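There are 2 protein chains.
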Amino acid sequence: MATKLVKNAVGRMVPTEINNEIAVPFKGVGKYKPEGKKAAPSISSCNDYPLDGNKQVASLEEALKKSGLKDGMTISTHHHFRNGDLLANMIFDIAKKLGVKNLRWYPSASFPCHEHLIQYLEDGTISHIEGSMNGVLGKFCSQGKMSKTAILRSHGGRYQAIQDGEVKVDIAVIGAGTADSFGNANGVSGPSASGLLGFALGDSQYASKVIVVTDNMIPFPCYPWQIQGGNVDYTVLLDKVGIPEKIVSGTTEVTKSPDRLLIAELTAKFCEEAGLIKDGFSFQAGAGGTSLSIGNFFGDIMRRKGIKARFARGGSNKYLVDMLEEGLVEYILDGQTFDLEGVRSMRENPNHVDTSPFTSYNYHGKGNFAGMVDIAILGATEVDVNFNANVVTHSDGYLLHGIGGWQNCLFSKNVILPIPLFRDRISVIREEVTTICGPGELIDIIVTERGIAINPKRTDLIEKMKGSKLPIKTIQELKAEADAICGPAQKPVLSDEIVAAIKWVDGTVIDVVRKVID
Amino acid sequence: MATKLVKNAVGRMVPTEINNEIAVPFKGVGKYKPEGKKAAPSISSCNDYPLDGNKQVASLEEALKKSGLKDGMTISTHHHFRNGDLLANMIFDIAKKLGVKNLRWYPSASFPCHEHLIQYLEDGTISHIEGSMNGVLGKFCSQGKMSKTAILRSHGGRYQAIQDGEVKVDIAVIGAGTADSFGNANGVSGPSASGLLGFALGDSQYASKVIVVTDNMIPFPCYPWQIQGGNVDYTVLLDKVGIPEKIVSGTTEVTKSPDRLLIAELTAKFCEEAGLIKDGFSFQAGAGGTSLSIGNFFGDIMRRKGIKARFARGGSNKYLVDMLEEGLVEYILDGQTFDLEGVRSMRENPNHVDTSPFTSYNYHGKGNFAGMVDIAILGATEVDVNFNANVVTHSDGYLLHGIGGWQNCLFSKNVILPIPLFRDRISVIREEVTTICGPGELIDIIVTERGIAINPKRTDLIEKMKGSKLPIKTIQELKAEADAICGPAQKPVLSDEIVAAIKWVDGTVIDVVRKVID
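Chains as they are written, first to last, in my numbering: chain P, 1 to 518; chain H, 1 to 518.
For the record, the hints were derived by calculation from the structure and aren't laboratory data.
Treat the hints with care, as some may be off.
Simulated pairs of lysine-lysine, BS3-like, Cα-Cα distance not exceeding 27 Å [unchecked claim]:
(1) P/Lys-4 to P/Lys-278
(2) H/Lys-66 to P/Lys-31
(3) P/Lys-33 to H/Lys-466
(4) H/Lys-37 to P/Lys-37
(5) H/Lys-37 to P/Lys-66
(6) H/Lys-70 to P/Lys-33
Computed from a prediction, not measured in an experiment: that's the story for all the values here.
Isolated chain P, as found in the complex:
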């Protein structure tokens, strides 16, 4: 990429052009003011759709052909099927068969099951991926093998990019647990039920052509209509759209590691002592083992205090569902279900609410609810002494994870990163993170097994924790302890070549990922 690099507001050198389109360098939190109008899809007419509402065509191939699939298009998919997704591979198998080239894949996330697509990245069927990349695809990208620059966005940023017209989706393919032939669809029922379809909402609203694919076609109305037929062009019935046992994330069990349990306990104690756990509070905890344990500790505290949470932000799982059903939590505001208990609860319990990135995360809306969450428990691969954090690359420079909702959740009132001080004898606390995904000003507390660091900007929390028996330390102290154990941190060996850009929630470029030299 021979484009000009400029230093952005967090000191990273970023390009002003990516894949021949203008890119705006990150200007600081809340400093970039978008201009212009939202994307405007073409006006449709009912006259061009069957009056009886039946939009079903014989195959996915037919739907893609009717949608005008051709070279250079952008094809979007969602990741509610997680590692049990079958559709993305099918779509590009068809594109390959039809000889279509140079497609941009715009998934809301990718999973190991998408390793199948590497052949199409190699043969030019797919030009590049814009979306969270995990594992093999990230590694492929890190090695500079993708023909264009990858772009990673948060879940909210993905919606923002569609809404703002930054990414024009030509064909959205939406896999659904249940649908009707008109295109109304949901994820709460059917043999491939995956919970909700919120990640596909923006695609359904803004894509030129929208295809709904299901293995459970029912008579109109398919309700709830998480995706609305009035936005859908074609529907397709397949034998199978997802593998249910792989839809469920493998990580949704509480940790048994003594270190992780200690981190969880310290986090919960910190929240209680700092007065963050009070009647009507709200929290978000992920589906990782440590986060689940923190949720359980929160439950214990609420029971002891006789209080309840107004809402919990999901990723839902059986532990959160238990809290909802016990009455400890009034609402689950769910962005994706991580297990089948989450799916069941969403289907049965009106207080288990399906949300979309518009509602929860879109930074270019009239507010979103991320800022209303009292406690957000998030992860990181690295944190630096300025509290900047990284979630996409490892310290060896490899891009191995997506951003997910992580950046969006940084706007919560108290952002806590419970992380081990080191992993595989590599310190997690660095002088500088390999990739800045979130600016330190938004990260409030780092909890490790050897101590808790509060961001110096949070003088209110520092004041509150005076006299606490918890191991409150500075971030420099934590780093020194880690360095003493692991030895000085190694810098990754990177080429100048930019293989991926990391967008901030407002569409600006906060950092880049460079090719790894093996």
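Following the hints, complete the assembly by docking chain H onto the known chain P.
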């Protein structure tokens, strides 16, 4: 209005310009192909909204001022409070107080309670109304007293006009039974609960500024969020937004008139004999006394046959709710609740679905569900020998009713108008209707107390009814009977001056209303 008139596809002379904007004459059903893009609101940024989500301001006046209320703007409201609405009058009282002039009022419907606004139409605070006009406002318009031309649209046409950018709403004021300070809102709960808020959906999506007003402000999240806070600029808490006892329509009792009961019975018998009532069928019946009776007859038939309906399209009311709860109807797809039983059912029963004009009626979407309804029972003030029908004016020329969802429902598979042959000794069946609201090709069956006429285009139905003992007649035979009783029909005495335009579902002009000469 000194604009050119041209003859449209139903033979009516209509203007090519209305209020200085281009108007497209009706070209025939499905003949007009829209071009261009949907309306594109400005891109917002969370940075301009409170991070804690609290958008509440002290008063409606403050919210209107912050929204930039000024001369010439378009202000929209919804009519879910029906004749119990308090907000529209408040808004224009404030505008008057602030000296703002020349406002366009864009309600989804008006009611007798809005007579209060006539003073503002007279003094120039309001320039004109685009929306269904009932009673006094319609009469005011008919007398040529409005300074600009009124425009009437169907519920679907109203959404279409917003979506297509034909009507740019500057400020939408959305009254809600319950809301949170972020702007999430619903109509199912609270002291002024009115059911759903679907008529305000398009306004919330496309208006420049959106104000949610409630008398029941609850902590986030207000769920269901029929209106989403991510689209809302300001929230306001008032003592009272609606008068519940007036929200309930006065017309929701079954008819006791022997003639109307006969019409209802004939309609139900016709539907049964024609094979329209079968397992999994669907129907729409309004809230008028005759329609309610027809629904009851449908219930009897279903019980006798041991079948059920897949869905009923509401306006919901206690009779329809009974059918849902009895299991005769699987879903109510509701556009507006007509009584408090409807509100309760929508709050409690997940199969009582709130819909919006986008879902049900928008002709410029990728289909809508009106075409999937097997039997639509509709009213009319007049029908002519070509099956064209009128719902807005009386035979004396006065504009006294809105279009509602009537035009949209004409796309249903079997459109039935059960109407008395005459009213106040004036025949309902005319040589030509005073105002064409719906083209005859979409109207299938006229049922009167003296006979049933099938549209000659429906050869299938004519065939099926051969040998029936029901009084099947031609429309000309019905007209002759009516004329014999009432005497020859009088034409209304009208000036050339056009006071209102009637839009078709695609935004074209199907007819106009002319000034009545008293």
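Consistency of the hints with the structure:
1. P/Lys-4 to P/Lys-278: 50 Å, violated
2. H/Lys-66 to P/Lys-31: Between H/Lys-66 and P/Lys-31 the Cα gap is close to 23 Å, so the pair holds against 27 Å.
3. P/Lys-33 to H/Lys-466: Measuring from Cα to Cα gives roughly 70 Å; hence the hint is violated.
4. H/Lys-37 to P/Lys-37: Within the cut-off at roughly 12 Å; holds.
5. H/Lys-37 to P/Lys-66: Given pair H/Lys-37, P/Lys-66 holds - Cα atoms ~21 Å apart, limit 27 Å.
6. H/Lys-70 to P/Lys-33: Holds: H/Lys-70 and P/Lys-33 sit about 25 Å apart, inside 27 Å.
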